[in-house]
Amino acid sequence: MGQKILLEHAQVPGIKTYEIYRKVGGYRSVEKALKSMTPDEVVEEVKTSGLRGRGGAGFPTGMKWSFIDKKSGKPRHLVCNADESEPGTFKDRYLMEYIPHLLIEGMITSSYALGCNLSYIYIRGEYMWVFRILETAIKEAYANGWLGKNILGSGFDLDLHVHCGAGAYICGEETALIESLEGKRGNPRIKPPFPAVSGLWANPTVVNNVESIAAVPWIVNNTGAEYAKIGIGRSTGTKLISASGHCKNPGVYEIDLGLSVDEFMNSDEYLGGMMDDRPLKALVPGGSSVPILPAHLIFKTTEGNDRLMTYESLSEGGFASGSMLGSGGFIVYNDTTCIVRNTWNFSRFYHHESCGQCSPCREGTGWMEKVLHRIEHGHGREEDIELLWDIQRKIEGNTICPLGDAAAWPVAAAIRHFRDEFEYHVRFPEKIKNRDHFVAEPFEKVKHLVAKEVV
Amino acid sequence: MEISNAKQVINITPELQARIDELLSHYPADKRKSALLPILHDVQDAHDNWLSIELQDKVAEIIGIQPIEVYEVVSFYTMYNQKPIGKFMFEFCRTSCCAVRGTEDLMEYTCSKLGVQEGEVTPDGMFQVVGVECLGACGYAPMMQLGDYYKEHLTKEKIDTIIDDCRAGKIDLHKQAITE
Chain A
1 MGQKILLEHA QVPGIKTYEI YRKVGGYRSV EKALKSMTPD EVVEEVKTSG LRGRGGAGFP
61 TGMKWSFIDK KSGKPRHLVC NADESEPGTF KDRYLMEYIP HLLIEGMITS SYALGCNLSY
121 IYIRGEYMWV FRILETAIKE AYANGWLGKN ILGSGFDLDL HVHCGAGAYI CGEETALIES
181 LEGKRGNPRI KPPFPAVSGL WANPTVVNNV ESIAAVPWIV NNTGAEYAKI GIGRSTGTKL
241 ISASGHCKNP GVYEIDLGLS VDEFMNSDEY LGGMMDDRPL KALVPGGSSV PILPAHLIFK
301 TTEGNDRLMT YESLSEGGFA SGSMLGSGGF IVYNDTTCIV RNTWNFSRFY HHESCGQCSP
361 CREGTGWMEK VLHRIEHGHG REEDIELLWD IQRKIEGNTI CPLGDAAAWP VAAAIRHFRD
421 EFEYHVRFPE KIKNRDHFVA EPFEKVKHLV AKEVV
Chain B
1001 MEISNAKQVI NITPELQARI DELLSHYPAD KRKSALLPIL HDVQDAHDNW LSIELQDKVA
1061 EIIGIQPIEV YEVVSFYTMY NQKPIGKFMF EFCRTSCCAV RGTEDLMEYT CSKLGVQEGE
1121 VTPDGMFQVV GVECLGACGY APMMQLGDYY KEHLTKEKID TIIDDCRAGK IDLHKQAITE
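Residue numbers (this note's numbering), protein chains in the order written: chain A, 1 to 455; chain B, 1001 to 1180.
There could be a bad hint or two in this list.
Said to hold, decoys possible - List time: in silico PhoX-like cross-link candidates among lysine-lysine, alpha-carbon distance up to 25 Å:
| no. | chain 1 | residue 1 | chain 2 | residue 2 |
| --- | --- | --- | --- | --- |
| 1 | A | 184 | B | 1113 |
| 2 | A | 16 | B | 1175 |
| 3 | A | 248 | B | 1158 |
| 4 | B | 1031 | A | 184 |
Since the hints were made in silico from the structure, they are not lab data.
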């Protein structure tokens, strides 16, 4: 049984309300920080904890905090990135919906550490009812003296507001999010300058994921050293994993980093194995943008070690044999899944969500979608697979923000690990056209083709 | 989404104006434009869920920005509608996690039950079925968004009930009670 840091009180009846949240020990970290710690001491605790950004990039949070420009004399801002839009990822919503005050407590403590007097939670527009839950919780926090002027008589002032987006995946990228918060289209900015120097309204700004900020109260209450004891190596602490697809028990789980993928996938405490006991075909461990892994690379590394739920173990071997922990969006696919159709689905998503600012992404994502569409619908050409490979290579690394990479990697990984399936689509178009996608039967290629014949 | 020439009655009620003022107060006085997205949500909700050009002009006037600044935002974000939509818009998530759990089948079922193609509005203006990209409810697939709320773990039977509830006036798109 893993430790519960974030979800410890998630199932307590009435935990959404200030009264109950306070009863279970809520807002203690604010009291501790404001009454007995300097802002720098809070930053040091977060550094000691080894907490890494839980939005997907995994950058050390304490280090990110230390970059904020304190010398400019400009107002500073903390912005919580709650624009959770990565396919496969729905953990932040769970946290905000069930324990809204935990995020607010984290925002106050973190804002104190960073010297911010005006902070925002940017939430995706589709989560409108969660927006209202947060608005209600913020009003309660104001009413009880945790927000506003001179909090706890410490001299620290903080205004906190929740701001809703309006349906754009790109606004999960921190500079696009800032543009959107300024009331503009969500076009990412060129970096540098980084937000820590010039962010919201050109002021120094830190953008952190919901889960990262929600971990701060525990770290302040229990010390960073205690947090660092959980997990393995540089993957410290706990992590929320959102599981979906063909597993028996989809949902949000809090795990200690270092749990084996096998245990997470197959033990009854977590996913309970495959839905309907069908064979596992492939898995995306960290949200749609990370490379898909075939079954034989999921539980063991190429060295033969257990693959663990850590930043390092999941990426072992680079993209040739590994993937990424990413945002923890764990998508499970059984043997009925058509990889080409799934890759087309991901490509359609990225094409739809590209802001259109950079040509390689704007044109490339649409091109990939088109090619994948024709392959999937039985009109593919022999050269299409090489064409796809070529397009994804031309997108990767050639855009202002990582959406281009996110669009390219799933296509590259699908071709790398499931090339025979693409070949099958091209060679047997009539069979592809006449499939019934609503019948749960294994993808037919295994009956007709072995990998050797198609390479 | 295409722009509509349909006319819209602009009605900024005192309640809506009070809400707009509250949203504007969340940002520094010289950064009123930052309130644009949240204000557009509330204005759209109060105007049959779409934003005509005239209404966008009105929002620009209220905030004190140029109309083009509103147009470019409305045309960028998918949640703002530039033409009238069905009163009950069933927005089915069709991205991978929902797709592998049966979204296509359910959309087909819903369209056929309502007698429309994807994207069309029923002749009585009540319903519309559209496919949208990931809604962040992957573990509760298949699902759809209806107004401000999510309907998850959908089955054909659940869809039947939702349609009946819509027809019976039992569904409020923006004011569902927030319960424990």
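Hint numbers not upheld by this structure, sorted from lowest to highest: 1
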